[in-house]
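Listed below are the residues making up each chain.
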Amino acid sequence: MEELKLALKVDDKDNVATIFAEQITDGTCVEVRDKRGSSEIIPVIGDVPYGHKIALVDIPKGGAIMKYGESIGAASRGIRKGEYVHVHNMEAMRGRGDL
Amino acid sequence: MGICKEEKTVGYTFQGYKRPDGRYGSRNLVAVIPSVICANDVAQAICRQVQGTIGYFHHQGCCQLPLDLHRVTDVLINLGKSPNVAAALIVSLGCEGTDHERMLAELRATGKPVEIIRIQELGGTSRAIQAGIDAAQSLVLQVSGLQREEADISNVVMAIKCGASDTTSGMASNCVIGYVADKLVDLGATVVFGETTEFLGGEHILANRAVGGPDGPVGKKIFEIVDRMERRAKSIGEDMRGGQPTPGNIAGGLSSIEEKSLGAIVKSGHRPIQGVLEYTEAVTDQKGLWIKDAPGREPEILTGMAATGAQFMMFSTGRGAPQGFPSMPVIKVCGNPNTYARMSHDMDLNAGTIITGEKTIEQVGEEAFALLLKVLSGQMTKNEALSYFGSMDIFCLGPVI
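Read top to bottom, the protein sequences are chains A and B. Heads up: the first sequence at position 76 corresponds to 76 in my numbering, and the numbers run straight through without jumps. So my numbering is basically just the index in the second sequence, starting at one, shifted up by 1000.
Derived by calculation from the structure, the hints in this document are not laboratory data. Worth double-checking, as some hints may not be accurate.
[What the hints assert, rightly or not] Not everything, but these chain A residues come out facing chain B in the computed CB check (under 8 angstroms):
{"#": "1", "residue": "L8"}
{"#": "2", "residue": "T18"}
{"#": "3", "residue": "F20"}
{"#": "4", "residue": "R36"}
{"#": "5", "residue": "H52"}
{"#": "6", "residue": "L56"}
{"#": "7", "residue": "M66"}
{"#": "8", "residue": "Y68"}
{"#": "9", "residue": "I72"}
{"#": "10", "residue": "G73"}
{"#": "11", "residue": "H86"}
{"#": "12", "residue": "A92"}
[To be verified] Calculated pairs, EDC-like style, for lysine to aspartate or glutamate (alpha carbon to alpha carbon, straight line, at most 16 angstroms):
{"#": "13", "chain 1": "B", "residue 1": "K1359", "chain 2": "A", "residue 2": "D34"}
{"#": "14", "chain 1": "B", "residue 1": "K1287", "chain 2": "B", "residue 2": "D1152"}
{"#": "15", "chain 1": "A", "residue 1": "K5", "chain 2": "B", "residue 2": "E1358"}
{"#": "16", "chain 1": "B", "residue 1": "K1359", "chain 2": "A", "residue 2": "E31"}
Even glycine gets a Cβ: it sits at the ideal position worked out from N, Cα and C.
Bound-form chain A, shown alone:
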């Protein structure tokens, strides 16, 4: 059996999931599970380190990045489903000193 490549979605409102697997490279399929265990297979766009996030849907530029059911920032450019989400394509909206 192929080893499980797990990504966790902690809240129903979330549009990102966190990867809990090593060697996730461009094109790897991961299994996204929610808190009840429902799952969806998503191919990853980009190389994603352990503990980092991927998008679960297409997110337009300026759209909220949702994790824990809350906004953790905004997309600084359009993000595709499966794409690696981090400081290169999202920005914090709090604690920056310039907003």
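Following the hints, complete the assembly by docking chain B onto the known chain A.
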């Protein structure tokens, strides 16, 4: 709310010690309370000799500003009032800055057996130790025969905290505790969380969850306690908000200060925040989810939570925090499966099964709930069985003089 009503008819209960004020304790301890650091050695000697006692060996109580001395007195009183404490022995030096006579009066007013010894008056260390052992023995004999009674789950006050966190904490163990917090609130119990430092970047989210919204008194108070803490850091030239998340956080996958803060806040669940308790305050008849303005460091927040009257704490960790508190069982929920395997004698529950994909947050949440009922009814936590609960301290605001 259908599910909650259904669960209520199931009737969750635990076996607790009913105190004169009507609250139920999960433990039946005789607390030896030094009124000042200078009484610690005598208090320790008493605790070593008398079974059934625990000591609050803090480092405060003299050469502090009046505000802090009042604070220390209030915390020691509320520790003694905790339902896990059946009786108390105050160990006073005689010249300390805390108000040991107010401690005695307020603790006696609870109806619990309370005694005091005064080291200077008794003629020094050896005589005080002898008098203290006799007094503590008498208290243990008075209360050790008390029996547990069935108590409804709504009598529970749960404290929550995370420490020695890692990448797994925000995704596994904190989510489990959030699940338990929501369930307890729905069952009519009280849940208290703190760690004001960790609200930075997430205070607007907490304020939105406050009863009355962000502009109501509770929402405003949440902004106020965060601001108060930041100003204390600024008064010694430090900016707590700058540089968050840290380069290490970013390398670990955290993309914003909001994400970092939410990873900690998620352990409070999703219910409305009813109000903010000051560090020294105890829960009387408050129900639902409450914030206590306490720092994150273990000795100080655990003391604050025990003074709240919490019968136990649920503690999330990733790297493996082993410590507990003298009079409050601490259940360790470990989000990291490797840490759990390495430190299984310190970690009470393995939430690492969530990130290995073996179990869901809800499944481990139910395991945590089943475990807390056992601990409330007397089952020891791993830190209790190992007596890893000696360190504690009281969070003070001003300088030592």
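Now for the hints, and whether the structure bears them out:
At its closest, the beta carbon of L8 of chain A sits 6 angstroms from a beta carbon of chain B; the interface hint therefore holds under the 8 angstroms criterion. Taking 8 angstroms as the C-beta cut-off, the interface hint given for T18 of chain A holds, the closest approach to chain B being about 5 angstroms. Checking F20 of chain A against chain B by beta carbon gives a least distance of about 4 angstroms; that is within 8 angstroms, so the hint holds. About 6 angstroms separates the beta-carbon of R36 of chain A from the nearest beta-carbon of chain B, less than 8 angstroms, and the hint is met.
The beta carbon of H52 of chain A comes within 4 angstroms of a beta carbon in chain B, closer than 8 angstroms, and the hint placing it at the interface holds. At a threshold of 8 angstroms, the smallest CB-CB gap from L56 of chain A to chain B is about 15 angstroms, leaving the interface hint violated. Violation of the interface hint for M66 of chain A is found here, the shortest Cβ-Cβ separation to chain B being roughly 10 angstroms, above the 8 angstroms cut-off. Because the smallest distance between the Cβ of Y68 of chain A and any Cβ of chain B comes to about 4 angstroms, under 8 angstroms, the interface hint for this residue holds.
Taking 8 angstroms as the C-beta contact cut-off toward chain B, the hint placing I72 of chain A at the interface holds, the least distance being around 4 angstroms. For G73 of chain A, the suggested interface contact is upheld, since its CB lies about 4 angstroms from the closest CB of chain B, less than 8 angstroms. About 5 angstroms separates the beta-carbon of H86 of chain A from the nearest beta-carbon of chain B, less than 8 angstroms, and the hint is met. Annotation: interface hint on A92 of chain A holds; nearest CB of chain B at approximately 3 angstroms, less than 8 angstroms.
Annotation: proposed proximity of K1359 of chain B to D34 of chain A holds, straight-line Cα distance about 11 angstroms (limit 16 angstroms). For the hint pairing K1287 of chain B with D1152 of chain B, the CA-to-CA distance comes to about 14 angstroms; that is within 16 angstroms, so the pair holds. About 12 angstroms separates the Cα atoms of K5 of chain A and E1358 of chain B, which keeps this hinted pair within 16 angstroms; it holds. A distance of roughly 14 angstroms separates the Cα atoms of K1359 of chain B and E31 of chain A; the hinted pair therefore holds under the 16 angstroms criterion.
Hints 6, 7, counting from the list given before, are not met by this structure.
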